[in-house]
Every structure is written in C-alpha cells, then in structure tokens.
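Student: Okay, here's what each chain looks like letter by letter:
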Amino acid sequence: MIKEEWRMHSALFGNKRFAFYPLLILGLAFCTSLSIIAFQPSFSLLSILLFVHVLFFFFGASIGSFGTLGREFMNRRFGQASLLAYSSRNLPLSDRTIFSVFVVKDICYYFAFWIIPCILGFSLAMPIIGIPLTFAPVYLLTLSLSFLIGMSLVFFLSMIYARFGKWAATALFVLLLIAVVFNQKSVSGYPPWDFSITGNLNDIWISLGSILLFSVLALIFVSFDFPTKKEAYENSLKRTSKRFSFAKSYALFWAKDYIDIRRSDGGVGKVLFSFLIPLLFIWFLLPFLTVQLRVNFLVIFGIFLGVLSSSIYTQLTRYDLFNQYLFLPIKTSTVLKSKVLGYAVLNLLSAAILVIAALVNSQTAFLLPAFVQFVLMSFFALSVTILYTGLSPSLMLMDVQTLLKYIFTIIPVILILVFIYALGPVIFTLGSVGIVLVSIILLKRAFVKWDFAPHQTF
Amino acid sequence: MAILEAKNVTKKFGTLRAVQNLSVSVNAGEIFGILGPNGSGKSTLIRCLTGQIKPEEGSISVLNIDVLQDPVGVRELVGIVPEQENPPSFLTAEEYLFFVAQIRKMKNSEKEIDSWFRFLEFGDQRNILCKDLSRGTRQKLMVAQAFMHKPALAFIDEPLINLDPVIQKKIKEYLVNYAKKGNSIFISTHILEIAGEICDRIGILNKGKIVYQGKPKKDLERFFLSSVKHV
Ligand SMILES: Nc1ncnc2c1ncn2[C@@H]1O[C@H](COP(=O)(O)OP(=O)(O)OP(=O)(O)O)[C@@H](O)[C@H]1O
Ligand SMILES: [Mg+2]
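Line by line, the protein sequences give chains A and B. Mapping of the first sequence onto the working numbering: residues 11 to 468, in sequence order. Mapping of the second sequence onto the working numbering: residues 79 to 309, in sequence order.
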C-alpha cells in the first residue's frame, strides 16, 4: 500500500516535511495508547499487551504481499526510477538478490517510519499503568517480532498465490485460520506476546524460526515475471463498457477502472487483501473493546467498516493521474463522479459484510442503526478523501499535513457518531441528516476544487 | 482570419514568470511553430492556450471560444499532443484510442482507429499495454489520439522527437497536407529544420517572452541563436 509511493512522496514534498513523519506517528501512537488505557481502566495489562501484539501482527500482514510483486518490483515501482533495478541486467547480481535487497529496504523503511515510532509512543504511555520505561526494549523486541511474523506469513502466502493461484493460497489461508481457531490455547500463547510476559526464551526461538522459515521459503520460490515479455490483449474496453451500460455516461470510466484492476499485478486479490485484512482485525478485536465501552458491537463495527471502506476509493484511483485527462475534453470532476458512483456500488460488498457480522453475532436487531452508521461514515470519509486528495489519495495521504488534516477531520466524526447514537433515536436521526448534508457540501467543494486546481504537481 | 488569439498572457509559477505578457495569433490553414531554448515556456504556453492551466493575466480565444471561461469546450474542438506521453497504464494502444474516441463522442471510431494504426505502422503493437510500449510508439499513439477527430486546430508539443525517420517524414507530410485543407497547427519543436520546412510562421520564445514572430528566416539557425542571445 504505502510502500509504493513513499519514494515519490519524498521527492514531491521534500525531505524536510517527510522527516516529521516518524514524530507524527510517535505522537499518534502515544495518544492512542493513552486513550485506550484511560478508557479501559478494567483492561488488564495482559489483554492490552495481547491487543498491541495482534495489532502489530496485522500491520505486518497488511503490507507483506511482496510475493505478488515480483514483477512490479522490477517494473513499476523501481523500474524506471531506480538505477539498481535497471542495472540488474548489467550487474552480476541475480534477480533474487536484488529483490531481497528491495524487501529488506522496505522493511527498514517500515521500521524507521512506523514500527519504532509506534513502539516508542506505546512505551511512553505505559508508565501510566505502572510499567516503567525500562520495558521499552522488551516491547521493541516482541512487537517487532510480531510485525515480522505477520509480514513473513503474508509474504509466504502471497508467493503461493502468485505461484500456485488463488485457490492454493485461499486453501492454505483457511487451513491456517482453522488451525488458529481450533487452537485458541495456542493463540493465547502467541509467542512474542508470551515472551513479553513470561520472558520464556523459547518464544523468541519459535518466533525467529517461523519468520525465517516463511521468508526463506517465500524468497526461494518467488517468481519473477519480467516485462521483457510483452503480453498482447484483445480489445475488451468496448465489451466491458457495454456490460456497464447501466452506469450511463460513466460506463466508459468504470470499464477502464475494471480493466486496470484486472490487469494490474495482484489484481482483484490485492484489492481484497488490503481491505479484508484490516477488517478481520477489527472483527476480532472490536467485541473485546465494545464490551468495555457498553456500546453495541455492531454499531461500532459499522462505523469502522465505513472508515475502512473509503480505502476502496484509493484502489479505484490507483491507476489515474490528473494529467492523463488534462488534454482531453473532460472535467476532472466527471472522472471523480464516476469514481463516487463506482464506490457506492462497491460499498454493497461492505454492506454485505455488515449483514454477515449481524447474523454471526445474532444482533440483527441492531442492523438498521449499524447500517446507517456505516453509510454515514463511509460517505463522509469518501468526501473528505476526495476533498483533500482528489485523484491521488494513495500519494497525497503520504503528506504529513494532508494526513493530519484527514485524521483530525475523521476522528471527531467517529466520536460524534458514537455520541448521537447514544443520545437516542431523535438526535440520531437529526445528527445523521446533518452529517449527510456536510458530506454533500464537502463533496461539491471537492469537485469545484479539483476542476480548477492548478494541476502543477501531478 | 485568426482562429487563435492570445493577448498579454502571463503565467506564473510562484515567483517565476514562465510566460510573460505574451501575445500570439494563428490563422486558419497555418502551421505556426514555437521555438525556444529549454525552459523558455513553450509547453507552459501550450498548456495555457488549451485551457489546461489558468494564466494569471491575459485573454485567450480559440475557435471563438474564451479559453478561460470554457476550457473543456476548447478541448472538445482542438487536438493536443502533450509533452509527456502517459496514456493510462493498463489499457492497450487500441483500447486507449477507443477510450479517447468515446470521450470525444466520435461515431464510427473503429475505422478511424484502424487507419491510424496502419498509417503509423503499429503492427501488433496495437494490442500491447500502453505502459509496455516504447517511448516512440507511445508518442505515435498520442499523435493519433490528437488527430483522430480531425480538429480544426491541433497543438503538438515536440511530436517528432523520439520517432524514427520514416515516421517523422510521414507525420511531417501529414501535417502539411492537413493544414492545406484549412486546418491549423500549433507546433513546438527544437528541430529547426522542421520549423523552417513546414511552418508558415514561427514565434521565438526566450525566458517567457516572445522575441520574434513572423515568417521563418532563411538561415534559421543563425537567426535563432542570435535572437535568443540578444535578450
Ligand atoms: N508545474 C510547474 N511548476 C513550476 N514551474 C514550472 C512548472 N511547469 C513549468 N515550470 C517552469 O516554467 C518554465 C517554462 O517551462 P516549460 O516546460 O514551459 O519550458 P519549455 O520551453 O517547454 O522547455 P523544454 O524545451 O525543455 O520543453 C521552466 O522554468 C519550468 O521550470
Ligand atoms: Mg516543453
């Protein structure tokens, strides 16, 4: 996700502003940890630690899909930009070596910009419940391990996906999931977490062993599909846009988006992955939080589902640039509108997930308010994303200032949604209407803004 | 009759005046060449004239449309070959032309697309993804894209730079014939021979200012060097 853009980002926004990124992350991690601890006095240290370790596992998992990137690594990401990748045919280095270097570089980037600041922020908040700062090195170790386990596991799975197809990867994933679900005991004994409590050295060996095993296997079997082989495709734009003809004047743009995603490396799988992994995370951890908050699980889930869904917009815009359209007789807002509609349709998927969540938790009674919350949040998050980032969310959200603006616009609305729900149906209805109106206004402003933007940087 | 008329156009990027108080006009049936050193503002001028960016000052009228009022309306009528060719990455060349044809609401675009692929000698390249095409081929694609709908005025920013001699010659001839039919072309180029050969009039740009506008002089190279140096 982020890794694809950070180089471009640092070139675009200058290194100075970029250097604040770790500080920002540290601050955010500190505040989040503090608020979790403050909101949840009944939380035991054990559960907080488990929560954080699982969080880092999922973080690693969400960025670990190197395995499908064999080609992209060489081509899109680094191809033109990086001398190293270009010289891969001139230097006496194997593809695998260069690929490994890229993976290691990526990991270093995540550690410098995310992992270490997060862990420090977390450790700084811990003294509040009496855990001295001297424990920071322990967490640094165990949380890093947890991150790496998640990452190497997904690296491995994504390699399987690229090599043996989606069914093999899904089967393996399901097997692993079943193994975890049926061994609840071994989950509670998640090695890095266990070490942070018991100091049992075996945990470290198990963690390191599995990281090594997964990544070495992945590195050995990862396949490189070089762009030297130019694939020919038959013209499917016409056919595809006919299929989308119900979208009227936007059919053409939908067809283009559809083709882009289908033909991009990793394709639909990657899109689903980047959405489903954080979702899984929320699914597993929310019940745990909401019990303490005494707010209905499903309603909170709806809100977070809404925030996550806005990442669909990022996927829809991944292959668009302003300047692709600038010389054509078309307004940027027309392209944006086609994305908004596509987004609305794809949100049906998220809605389905919400229904499943209601059924699984036997909370269908709360489905309506949860659904309203989901729609409100999703629409609002979309409007804000478009207003701040236009057609380039994945790139622009790497700018600290834009990211901060985004976060500080989204968080209050999450809180407002929780509060108006708690205040009863009348306030909830009024508040909902208010949020819809605000979202519409923001969206309209966004359209005007991007139609008249100077378009210089992109 | 002037079909493009720009008066006192100024475009700033921060404190830099990329185009300064510039006036230029192009007549129907004319090939107008804009010359100038790197960074003199040729591409910026073209982007202003086609409503891609908004100048701070000045007025621009193209085919009787006020560009500042209706930039999209202007782009419906003209064709543009941008300086950087970056067609959408996962469409094939053929799909890309179809995409543009649809945006331009062209009827019977398939025939037109076929004839362009034949004319520019695409061969099997038409079914290759744009991102996998060579630079020259991408540039050819952008030329096809700009002329497909037979615009009365086309802006082309360095169209020949990566093309092989055969294609260069073909396109040059095409441009000359195209103008003979009463259409106009606004072309920016570094290749002085081309300017001397095909342009009816030229403008020489230096540091955002136009230092000469008129018939191409006999010894264009010497003239170009001296006019750029004097300012
Ligand atoms: N988006 C932008 N932001 C800031 N400055 C810009 C931008 N685009 C162009 N410039 C500046 O404006 C000036 C003119 O640039 P322009 O691209 O128009 O020159 P050019 O004559 O087309 O050059 P070349 O022959 O190299 O294509 C340059 O100094 C350039 O750095
Ligand atoms: Mg230029």
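Careful: at least some of the hints might be erroneous.
[Unchecked claim] Ranges of calculated distance between the beta carbons of each label pair, as one might list FRET restraints:
#1 A:Leu182 x B:Glu188: 16 to 26 Å
#2 B:Glu135 x A:Ser259: 29 to 39 Å
#3 A:Gly175 x B:Ser212: 27 to 37 Å
#4 A:Ile450 x B:Lys183: 34 to 44 Å
#5 A:Asp461 x B:Asn186: 40 to 50 Å
#6 A:Lys258 x B:Glu188: 15 to 25 Å
#7 B:Gly201 x A:Leu351: 29 to 39 Å
#8 B:Gly201 x A:Arg272: 41 to 51 Å
#9 A:Leu222 x B:Pro115: 31 to 41 Å
#10 A:Lys258 x B:Asp202: 33 to 43 Å
Worth flagging that the hints you see were computed from the coordinates, not collected in a lab. Ideal Cβ positions, reconstructed from N, Cα and C, are used throughout, including at glycine.
Student: Could you run down the list of hints and mark each one as holding or not?
Tutor: Going down the list of hints, with the structure as the test:
For the pair Leu182 of chain A and Glu188 of chain B, the beta carbons lie near 45 Å from each other, so the given range of 16 to 26 Å is not met. One distance hint, 29 to 39 Å for the beta-carbon pair Glu135 of chain B and Ser259 of chain A, holds here, with the actual separation near 35 Å. Taken as a hint, the range 27 to 37 Å holds for the pair Gly175 of chain A and Ser212 of chain B, whose Cβ atoms sit roughly 32 Å apart. About 29 Å separates the C-beta atoms of Ile450 of chain A and Lys183 of chain B, a value inconsistent with the hinted range of 34 to 44 Å.
At about 31 Å, the beta-carbon gap between Asp461 of chain A and Asn186 of chain B misses the expected band of 40 to 50 Å. Distance hint for Lys258 of chain A and Glu188 of chain B: a CB-CB separation of about 22 Å, consistent with the stated range 15 to 25 Å. In this structure the hint that Gly201 of chain B and Leu351 of chain A lie 29 to 39 Å apart at CB holds, the actual value being about 38 Å. For the pair Gly201 of chain B and Arg272 of chain A, the supplied restraint of 41 to 51 Å is violated, since their beta-carbon distance comes to about 25 Å.
Taking 31 to 41 Å as the suggested C-beta distance range, the pair Leu222 of chain A and Pro115 of chain B does not conform, at roughly 57 Å. Our hint of 33 to 43 Å for Lys258 of chain A and Asp202 of chain B holds, since their Cβ atoms are close to 34 Å apart.
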